[in-house]
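K.L.:
Now for the letters of each chain:
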Amino acid sequence: MRALVYGAATALALAAAPAAAQQSQFEKYQKMVAEGSPVELFELSGEELWKKKQGPRQASLEKCDLGKGPGVLKGAYAALPRYFKDVDRVMDLETRLLHCMTTLQGRTREEATKRLFGDANQPSEMEYLSAYVAGQSRGTKLAPGAAHPKEKEAYELGKTMFFYRTGAWDFSCASCHGEAGKRIRMSELPVLSEPKAARPLMATWPAYRVSNSTFVTMQWRINDCYRQMRTPEPNFGSETTVALITYLTVTAKGEAYRGPGTKR
Amino acid sequence: MKRNLIVLAAFAATAAYAEPTARDVQQVLQRDFHPRGQATMERLAQDGVQRVCTETRDQPPAALAKQLEADQMKTIAFPSGSLMGDWKNGEKIAQSGRGSMWSDKPGAAAGGSCYNCHQLSPKELSHGTIGPSLLRFGKTRGNGADTQKYVYGKIYNAKAYNLCSQMPRLGHAGTLTEQQIKDLVALLLDPASPVNQ
Numbered sequence: 001m002r003a004l005v006y007g008a009a010t011a012l013a014l015a016a017a018p019a020a021a022q023q024s025q026f027e028k029y030q031k032m033v034a035e036g037s038p039v040e041l042f043e044l045s046g047e048e049l050w051k052k053k054q055g056p057r058q059a060s061l062e063k064c065d066l067g068k069g070p071g072v073l074k075g076a077y078a079a080l081p082r083y084f085k086d087v088d089r090v091m092d093l094e095t096r097l098l099h100c101m102t103t104l105q106g107r108t109r110e111e112a113t114k115r116l117f118g119d120a121n122q123p124s125e126m127e128y129l130s131a132y133v134a135g136q137s138r139g140t141k142l143a144p145g146a147a148h149p150k151e152k153e154a155y156e157l158g159k160t161m162f163f164y165r166t167g168a169w170d171f172s173c174a175s176c177h178g179e180a181g182k183r184i185r186m187s188e189l190p191v192l193s194e195p196k197a198a199r200p201l202m203a204t205w206p207a208y209r210v211s212n213s214t215f216v217t218m219q220w221r222i223n224d225c226y227r228q229m230r231t232p233e234p235n236f237g238s239e240t241t242v243a244l245i246t247y248l249t250v251t252a253k254g255e256a257y258r259g260p261g262t263k264r
Numbered sequence: 001m002k003r004n005l006i007v008l009a010a011f012a013a014t015a016a017y018a019e020p021t022a023r024d025v026q027q028v029l030q031r032d033f034h035p036r037g038q039a040t041m042e043r044l045a046q047d048g049v050q051r052v053c054t055e056t057r058d059q060p061p062a063a064l065a066k067q068l069e070a071d072q073m074k075t076i077a078f079p080s081g082s083l084m085g086d087w088k089n090g091e092k093i094a095q096s097g098r099g100s101m102w103s104d105k106p107g108a109a110a111g112g113s114c115y116n117c118h119q120l121s122p123k124e125l126s127h128g129t130i131g132p133s134l135l136r137f138g139k140t141r142g143n144g145a146d147t148q149k150y151v152y153g154k155i156y157n158a159k160a161y162n163l164c165s166q167m168p169r170l171g172h173a174g175t176l177t178e179q180q181i182k183d184l185v186a187l188l189l190d191p192a193s194p195v196n197q
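Listed in order, the protein sequences are those of chains A and B.
Taken in order, the first sequence gives residues 1 to 264; the numbers are from the working numbering.
Taken in order, the second sequence gives residues 1 to 197; the numbers are from the working numbering.
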């Protein structure tokens, strides 16, 4: 436990300290990474960011309503994406967090989205926060919203997008995730339209990615698959990305959440 | 066939809520994406091939497929003379997964991502399996003019031979140049290429 607290402090220091000064800190951090998955470090750093007063209003995110009421974190992630009445649309975790940053903390969308996807040296605020919030749903069954008309609409749009061939290379998601037992290079390609494959995988996002030592979120995953599809870039938190996440999560519903996970 | 039935059943089970129409989807895409680097918004508009393959879940009616494949065949500009380039260059192009992404430098040499989907040289163990193995391709198919033409055409526009193939139209899309495709033809057909050892 002491190691974990120390690690969280290190991770936070990494996010803040200038490059030169953090050299030795960074080496220590790398060593911890080598010793095992640092998912818990991300959760602890995320907790500090959740409670940190930021933005023009100098407010924390502690009153952010993720669907279960202001500040209620237990099981909130497992019930996302869902319809939010205050914005009259379906939101996933990251889209909702961004909403809370702009409303509660008074930050501009431009500032809050400046650096959504981090890297091994400097993870992003969104990644830390996603780790913390998701961790509060461990053991809860995935039960995304599926009753409200807009939730049903999101599911249908997501399913349509999953099979929609587009981009310079004519891919749909199903081009790579449509047939069991296929690989790109050595990466196995899950058939995400089928509950059997979707359940264990969707129950472990967001995740630490061992192959490049980064913590990655579902918005990042969709973004990076569209990059490989040779399309333009999807907007963060757009209806399209949220619809795809809704479709995939509804397909995986009922699985007990056990992330943040560790992926190859 | 079995997969088709399952897909249809899934359709029927959730059809209670209207699926978005083709026009809805285009509006949503135009609103929800932004151009980045070389990846422009025009790339989201579906051409006839993409539309038919989307609407039929890659199972187009035979007559329509034949007609559209013939149209795709017309997009291929076959160079005259030998279509066999340098297999050593071909191997590099087959290895590279870069090209046409918003993260790629515009104008920088692209790759064909061939190993992402195919086995080619027996020395490369890290190969994908979305496409069939092309190991010993030239040894089994020969390397005469017709075979050269087929392989050149397949790489230039895979949809001219199989309308809803998952293989990209690498020449037609502007990813690979004529010379690069010739080098890949050599990788598959040249008796000296590692593919044919």
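Heads up, some of the hints might be wrong.
[To be verified] Simulated crosslink set (BS3-like; lysine-lysine; CA at most 27 Å straight-line):
| hint | chain 1 | residue 1 | chain 2 | residue 2 |
| --- | --- | --- | --- | --- |
| 1 | A | K51 | B | K92 |
| 2 | B | K74 | A | K182 |
| 3 | B | K149 | B | K66 |
| 4 | A | K141 | A | K152 |
| 5 | A | K152 | B | K105 |
| 6 | A | K51 | A | K68 |
| 7 | A | K85 | A | K74 |
| 8 | A | K114 | B | K105 |
| 9 | B | K105 | B | K92 |
| 10 | B | K123 | B | K74 |
It is worth saying that the hints were derived from the structure and are not from the lab.
K.L.:
Each hint should be assessed against the structure and marked as holding or not.
P.N.:
Verification of the supplied hints:
| no. | hint | verdict |
| --- | --- | --- |
| 1 | A/K51 with B/K92 | violated, 51 Å |
| 2 | B/K74 with A/K182 | violated, 32 Å |
| 3 | B/K149 with B/K66 | holds, 19 Å |
| 4 | A/K141 with A/K152 | holds, 19 Å |
| 5 | A/K152 with B/K105 | violated, 40 Å |
| 6 | A/K51 with A/K68 | holds, 18 Å |
| 7 | A/K85 with A/K74 | holds, 20 Å |
| 8 | A/K114 with B/K105 | holds, 22 Å |
| 9 | B/K105 with B/K92 | holds, 18 Å |
| 10 | B/K123 with B/K74 | violated, 36 Å |
Hint compliance for this structure: hints 1, 2, 5 and 10 are broken, all remaining hints hold.
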